[in-house]
Amino acid sequence: MSSFKDAGHLFRFAGLFVLAFVVFLVVRHWVVPKTFGQYGHYRGASIGEMAAKPVKYAGHEACEACHTDKADEKKAGKHAHVNCEACHGPLANHANDPAAVTPVKPDTVVLCARCHTASAAKPKKFPQVAPAEHSNGMPCQTCHNPHSPAMDAGGAK
Amino acid sequence: MNLSRRHFLVLVPAAAVAWKAVLAGTPEEAPNYNQAEHWWGMLIDIPKCIGCGNCVKACEAENDVPEGHFRTWVERYHVTDGNMTNPEVISPDGGKEGFPVVQEDAGKYFFVPKMCNHCSDSPCTQVCPVGATFVTPDGVVLVDQKYCLGCAYCVQACPYGCRYIHPEKKVADKCTLCYHRITKGLTTACCENCPTGARQLVDLKNPNDPIHEFLKTHAVQVLKPQMATGAKAFYNELDGSVR
Amino acid sequence: MSGVEGFMYPNEIALQWSVLIVLYPFITGLVAGAFILASLERVFRVEAVKPTYRLALLTALAFLLDAPLPLQLHLGHPERSPEMYFTPHATSAMAMFGYVYLWYLMAVLVLEIWLDYRRDIVLWSQQSKGLLRVIYKIMTLGSSNISERSLAIDERVGWIVTLIGIPSAFLLHGYVGFIFGSIKANPWWNSPLMPVVFIFSAMVSGIAAVMLLYMGVTKLRKKLIDIRCVDSIAMYLFYIFIIDFSLEMLDLIHRIYEADESFRSLDFMVHTKLFLSQIVLQICLGTLVPLVLLFLTQVVKFSEVVRKRMYATSGALALMGIFAMRWNVVIGGQIFSKSFLGYTTYKMTLGTREGLLPAIALTILPFIFLFVLIKLLPPWQDKDLHGTAAAD
Numbered sequence: 000m001s002s003f004k005d006a007g008h009l010f011r012f013a014g015l016f017v018l019a020f021v022v023f024l025v026v027r028h029w030v031v032p033k034t035f036g037q038y039g040h041y042r043g044a045s046i047g048e049m050a051a052k053p054v055k056y057a058g059h060e061a062c063e064a065c066h067t068d069k070a071d072e073k074k075a076g077k078h079a080h081v082n083c084e085a086c087h088g089p090l091a092n093h094a095n096d097p098a099a100v101t102p103v104k105p106d107t108v109v110l111c112a113r114c115h116t117a118s119a120a121k122p123k124k125f126p127q128v129a130p131a132e133h134s135n136g137m138p139c140q141t142c143h144n145p146h147s148p149a150m151d152a153g154g155a156k
Numbered sequence: 000m001n002l003s004r005r006h007f008l009v010l011v012p013a014a015a016v017a018w019k020a021v022l023a024g025t026p027e028e029a030p031n032y033n034q035a036e037h038w039w040g041m042l043i044d045i046p047k048c049i050g051c052g053n054c055v056k057a058c059e060a061e062n063d064v065p066e067g068h069f070r071t072w073v074e075r076y077h078v079t080d081g082n083m084t085n086p087e088v089i090s091p092d093g094g095k096e097g098f099p100v101v102q103e104d105a106g107k108y109f110f111v112p113k114m115c116n117h118c119s120d121s122p123c124t125q126v127c128p129v130g131a132t133f134v135t136p137d138g139v140v141l142v143d144q145k146y147c148l149g150c151a152y153c154v155q156a157c158p159y160g161c162r163y164i165h166p167e168k169k170v171a172d173k174c175t176l177c178y179h180r181i182t183k184g185l186t187t188a189c190c191e192n193c194p195t196g197a198r199q200l201v202d203l204k205n206p207n208d209p210i211h212e213f214l215k216t217h218a219v220q221v222l223k224p225q226m227a228t229g230a231k232a233f234y235n236e237l238d239g240s241v242r
Numbered sequence: 000m001s002g003v004e005g006f007m008y009p010n011e012i013a014l015q016w017s018v019l020i021v022l023y024p025f026i027t028g029l030v031a032g033a034f035i036l037a038s039l040e041r042v043f044r045v046e047a048v049k050p051t052y053r054l055a056l057l058t059a060l061a062f063l064l065d066a067p068l069p070l071q072l073h074l075g076h077p078e079r080s081p082e083m084y085f086t087p088h089a090t091s092a093m094a095m096f097g098y099v100y101l102w103y104l105m106a107v108l109v110l111e112i113w114l115d116y117r118r119d120i121v122l123w124s125q126q127s128k129g130l131l132r133v134i135y136k137i138m139t140l141g142s143s144n145i146s147e148r149s150l151a152i153d154e155r156v157g158w159i160v161t162l163i164g165i166p167s168a169f170l171l172h173g174y175v176g177f178i179f180g181s182i183k184a185n186p187w188w189n190s191p192l193m194p195v196v197f198i199f200s201a202m203v204s205g206i207a208a209v210m211l212l213y214m215g216v217t218k219l220r221k222k223l224i225d226i227r228c229v230d231s232i233a234m235y236l237f238y239i240f241i242i243d244f245s246l247e248m249l250d251l252i253h254r255i256y257e258a259d260e261s262f263r264s265l266d267f268m269v270h271t272k273l274f275l276s277q278i279v280l281q282i283c284l285g286t287l288v289p290l291v292l293l294f295l296t297q298v299v300k301f302s303e304v305v306r307k308r309m310y311a312t313s314g315a316l317a318l319m320g321i322f323a324m325r326w327n328v329v330i331g332g333q334i335f336s337k338s339f340l341g342y343t344t345y346k347m348t349l350g351t352r353e354g355l356l357p358a359i360a361l362t363i364l365p366f367i368f369l370f371v372l373i374k375l376l377p378p379w380q381d382k383d384l385h386g387t388a389a390a391d
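Protein chains in written order, with numbering that gives the first Met the number 0: chain A, 0 to 156; chain B, 0 to 242; chain C, 0 to 391.
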């Protein structure tokens, strides 16, 4: 049809689009990560990457595997559910290579106050004291065994 | 008390297999973990929280959370005169170093730990333009930091304020439910370090999980239920004043 | 914490979306509005606005070329933005951006401009020398066919493109409104009216911009302003402004009446932190004053000189008002806490990537683009660059 002759420029414009689209498809195939779409609209490999990150806290089971004496002390006392690293800090590197990394014992004056300083905001039944009145700056472990701290349950030193 | 490495491995088999994966450093999941068997959530037991901030500190240590940003934080509520619509709320540095001491008054105080709710119908993953944030098959909302553009649309879409843009990496960041720990049979850093058991990981696909049992037998709530996000952070005894 | 009143969730204190994100909808709004004005002539055959037809198209193109720049400066990883083309997430309104932008740029705006100018481009490619000749030659795509039949085909196809272009322009700017309006987490944004309000305010800003540009550029060229044209544009501006104002009032009245859980916090915010930008700049100076001025020009017969001054004032105030509206939406939506218990402050920086200076630069840049486009594709029939009269 003669109209096609006079519309040649339009076909050229359309041709540019088609070319660009083809280039786009090629680049897309090359660039989009292979695991994309594996589980959903995301890069499947990122799940594995997230799971492979190193841990900093070993978890109480790892501590208790070696430190059975402290674990037994704790089990019977008021701190039974306070995990080791809650006071001792992250120690996965120690659990991994006990000889190479020696943990520093925490300073009880600072540490214990964190939970046990009395405040009307805390639950009423929770054991809490005003540190100045209670111990006047003396380290808590002077009287309390940190692993089984209750005085009347045989935890006094 | 110096046990040999071999003895250690024999004593703790679950952790042992996990350690192998950790030490291997290969980007694939720990071999004894099957995504399809788990559907993760968390229980936060309000009456047990003492506002010590240990969870915030632990999360920061475990996950290298940048200063001034929080993957988890603790809020302290003060409700007076039964006025639920106007509580006084503070969260000094996210509660990381605890809260200032208060004297007794007529109102009630309580602490509310907050975190990503790992919503099953999450509004944040819905709005991501490229698929950089997603819900895993085991129910954890993660960010692919190698793919994220840093547009912050997900930060705007989260009703709970749990996301932020990492100041150095310039990508979205948030609580990952310590995915790198729970896939190795460990619990999250916040749960591990909570001294009162106010935070407990729960596997909603595991009928033997005692926390799952707790959820079935107690009145628990989620934050902003009207948003219908399918939030999986369940709060025991959540007060009506909590925002 | 400095700048915080009451309680904010800790991660909410610093704003995520800066003045650049205020600028982006303002710019795409100008694009959409300018195009709608051009379509008045092409599709609705409003002869009076014909003098602004080509200028409106070039204005739209100049601003559209500038539009992605504020977004690129904002992104944490702009080098990853092609991901929006390769793996767009179908549930995300923002993912539409790449494709809607490209569609509008190539299949609507560039195509329409090309079709309208093609005869002139072919003539210029034959008459000019040097680099210009090469540029025009490339623009002809190698075809020098400007027969009656081919031009008639161009006219027909151009008409269809404009027809498709109108909903495309609505899509280009409406999706921005949807980006905000679909966020249930943010009650200041969450509204089904948001895309509609954005579209109508875009039309106001685009029409006002083309009107001001036409009056300004004509004066610079020392030509006579076609008063019938400007009267016509001002009339459309007035009616569309009424619709825009009504929609915004509807949103406001609805909020006040329903008074849901967010209302107290938002109301306080509007009366304090947003008082200057919303009450004074957007509503009073940016909407009510131009509406009154335009209304007066519709009912009272003023002299040409007075009318032109009133139009110019209304247009400038309207542009300021629409910018203020974008500011109030974007910044306003981030300075209140989602706990409804507190507020933060937007600390706009000066010279950083998302600061005031880049924002100003990105506002000036489209005018530079427009200057180049006007030189390359002169919209007017008088002597062009090459000393020969351009085609009508």
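In short, the hints are calculated from the structure, not lab data.
Be a bit skeptical, because a hint or two may be false.
Stated by the list, open to error - To give an idea of the chain C side of the interface with chain B (calculated C-beta under 8 Å), a few residues: (1) E4; (2) P9; (3) R79; (4) P87; (5) M93; (6) G141; (7) S142; (8) K183; (9) N185; (10) I330; (11) I334; (12) S338; (13) L340; (14) Y342.
Virtual Cβ for every residue (Gly too), placed ideally from N, Cα, C.
A quick look at each hint next to the structure:
1. E4: Result: violated, 13 Å to nearest chain B Cβ.
2. P9: Given a least distance of 5 Å, the restraint on P9/C holds.
3. R79: holds, 5 Å
4. P87: holds, 7 Å
5. M93: Result: holds, 4 Å to nearest chain B Cβ.
6. G141: violated, 37 Å
7. S142: Violated, because the Cβ-Cβ distance from S142/C to chain B comes to roughly 38 Å (cut-off 8 Å).
8. K183: holds, 6 Å
9. N185: holds, 7 Å
10. I330: violated, 12 Å
11. I334: violated, 13 Å
12. S338: holds, 4 Å
13. L340: This hint holds: L340/C lies near chain B, its Cβ roughly 6 Å from the closest one there, short of 8 Å.
14. Y342: violated, 14 Å
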